[in-house]
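Taken in order, these protein sequences are the chains called D and Z.
Mapped onto our numbering, the consecutive letters of the first sequence carry residue numbers 1 to 294.
Mapped onto our numbering, the consecutive letters of the second sequence carry residue numbers 295 to 530.
Think of the hints as simulated: they come from the structure by calculation, not from any bench.
It should be emphasised that the depicted structure is a prediction, and the values quoted were computed from it without experimental measurement.
It is possible that part of the hints are untrue.
Unchecked claim - Chain D regions said to be covered by chain Z (calculated; three or more residues, Cβ under 8 Å):
(1) 159-169
(2) 173-179
What the hints assert, rightly or not - The following residues of chain Z were derived to be distant from chain D, with all beta-carbon distances above 10 Å:
(3) ASP309
(4) SER350
(5) GLY352
(6) GLY358
(7) GLN359
(8) SER430
(9) ARG450
(10) LEU465
(11) GLU468
Beta carbons: idealized from backbone N, C-alpha and C, even for Gly.
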Amino acid sequence: MDLALQIIASGLLTGGIYALLAVGLTLIFGVLRVVNFAHGEFMMLGMYGAFWMWALWDIDPYLSVFAVVPAIFGLGLLTDRLIIKRTIGAPEVTVVFATLGLSILLQNAALTVFSADTRSVTTGYTGTALSFGEVRVSIPMLISFVVAIGLALALWAFLSRTRFGKAIQATAQNRDAAALMGINVQRVYMMTYAIAVAGAGAMGAIAAPVFSVYPRVGLSFVITAFVIVVLGGLGSVLGAVIAALLVGLVQSVVGFLVGAAWAEIAYFVLFIAVLVLRPQGLFGRRGAEVYQGA
Amino acid sequence: MALLEIDGLSVHYGDMRALAAVSLEVEEGEAVTVLGANAAGKTTLLRAISGLVPCSGGSITFEGQEITHSPAHERVERGLVQVPEGRLVFPFLSVLDNLRLGAYTPRARPQQEESLAFALELFPRLQERAQQMARSLSGGEQQMLALERALMTRPRVLMLDEPSLGLAPLLVREVMDRITAIHQEGVTVLIVEQNVAQTLKLVDRGSVLENGEIALEGTAEELQASDEVRRAYLGI
Numbered sequence: 001m002d003l004a005l006q007i008i009a010s011g012l013l014t015g016g017i018y019a020l021l022a023v024g025l026t027l028i029f030g031v032l033r034v035v036n037f038a039h040g041e042f043m044m045l046g047m048y049g050a051f052w053m054w055a056l057w058d059i060d061p062y063l064s065v066f067a068v069v070p071a072i073f074g075l076g077l078l079t080d081r082l083i084i085k086r087t088i089g090a091p092e093v094t095v096v097f098a099t100l101g102l103s104i105l106l107q108n109a110a111l112t113v114f115s116a117d118t119r120s121v122t123t124g125y126t127g128t129a130l131s132f133g134e135v136r137v138s139i140p141m142l143i144s145f146v147v148a149i150g151l152a153l154a155l156w157a158f159l160s161r162t163r164f165g166k167a168i169q170a171t172a173q174n175r176d177a178a179a180l181m182g183i184n185v186q187r188v189y190m191m192t193y194a195i196a197v198a199g200a201g202a203m204g205a206i207a208a209p210v211f212s213v214y215p216r217v218g219l220s221f222v223i224t225a226f227v228i229v230v231l232g233g234l235g236s237v238l239g240a241v242i243a244a245l246l247v248g249l250v251q252s253v254v255g256f257l258v259g260a261a262w263a264e265i266a267y268f269v270l271f272i273a274v275l276v277l278r279p280q281g282l283f284g285r286r287g288a289e290v291y292q293g294a
Numbered sequence: 295m296a297l298l299e300i301d302g303l304s305v306h307y308g309d310m311r312a313l314a315a316v317s318l319e320v321e322e323g324e325a326v327t328v329l330g331a332n333a334a335g336k337t338t339l340l341r342a343i344s345g346l347v348p349c350s351g352g353s354i355t356f357e358g359q360e361i362t363h364s365p366a367h368e369r370v371e372r373g374l375v376q377v378p379e380g381r382l383v384f385p386f387l388s389v390l391d392n393l394r395l396g397a398y399t400p401r402a403r404p405q406q407e408e409s410l411a412f413a414l415e416l417f418p419r420l421q422e423r424a425q426q427m428a429r430s431l432s433g434g435e436q437q438m439l440a441l442e443r444a445l446m447t448r449p450r451v452l453m454l455d456e457p458s459l460g461l462a463p464l465l466v467r468e469v470m471d472r473i474t475a476i477h478q479e480g481v482t483v484l485i486v487e488q489n490v491a492q493t494l495k496l497v498d499r500g501s502v503l504e505n506g507e508i509a510l511e512g513t514a515e516e517l518q519a520s521d522e523v524r525r526a527y528l529g530i
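Whole structure, please, built from the sequences with the hints as guidance.
In structure tokens form, the structure reads like this:
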């Protein structure tokens, strides 16, 4: 029983951290209709940001979030202006090449500047754990989980409660109709992109105490995030959060019962099963992947 | 000077010419229609005036200011508003949120609650369904929602693209009556409509578009009397 709880707890904790990466990815897709292949690289930059602030100035990675988020947000605004904005309305391959190209560029820039070394943050709480009966929970994992889920839910509340959030939703549902309400669609796109990649950056910073950082670290995370996004339903923020927890759970359970090598296979099998049985994903809307403007 | 002046406007989709040097003037307080067969360029004309498609030539002037290349949202802020073809409500937002988004611009925002109360009082069915997603409404209710949402923007010129499309005869009447009332409240109207007989009762003047060009212009009475209009659009 305790073992089962242990496995569930560690699965949910990992899944929760993924949630923050996945909500941004699903948001960019839902609103801009852009598949952001560079999403993992913004996470990687967030991790390096946290690492260097810790290595150079001894700043706690959780505190560095407050510097990383505005920095990556600014970088997101710039990226939208310079790259993403120019691909809106272009054929899909153009969008794919643009964001994939950006991903390769950022990875290699990191390789050049930071070298290929794997680096880790070690703090006073590294390796510490809380015990709930027989269940032990890593403290940095728990903090990262709480911050990640908190930020993902804050994003959801922002979208569903505020005026600008509703303008973002309206733009996702019908771009032309949004423009006819006086919504500046270009600005919605730019802000959405920047908010989403800032989320990836935040995830990088809070993952730094738990995972090692290297130039291609974003890739391994973003592939799982893509699975989560499709599983939760393209464009569904709440779906992405729940799918992230589910994927974490499946990874953890299968990893324990069958073996770590099977964990990834398991969630891809789950992924294929959902696509066959429910192509719109768990919380998606049929047709959401089709551009709905006139 | 007319409130809305369209001068020699051309629009191309790739190599295809959709509008060729169309000129049209709408005076303050007028109701004007643009008639034409399917694919004559009516929707393109309204989309160009709203800034949803780029113009390849000519100019659009609103209140004496050239807006030919200004972005769509700025035109709405100025009071040049369109209810697009197919209604285009936001399907996964509530009726209330749809209406509130009509008051998105800084100009319309201060009067949001006042406009909202007015719209809901006028259409109790929207009030009853205020919290439901807009996609759960019937076609007629969606059209009313689209119309009231556009009014929330406080338009000076309201452009309507096929407002009666796909509606039952009784609802067509209701929609046309509402448009007449809006016009009588002082809003300038530019309407594109298949239902020519009803539309000619509502408007002061009209133009006929053929293959992207203005083929005929006149007052509502002149158009009604024109053999060409009677044969092509009134089925007489």
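### Query
If you check each hint against the structure, which ones fail?
Violated hints: none at all, because every hint is consistent with the structure.
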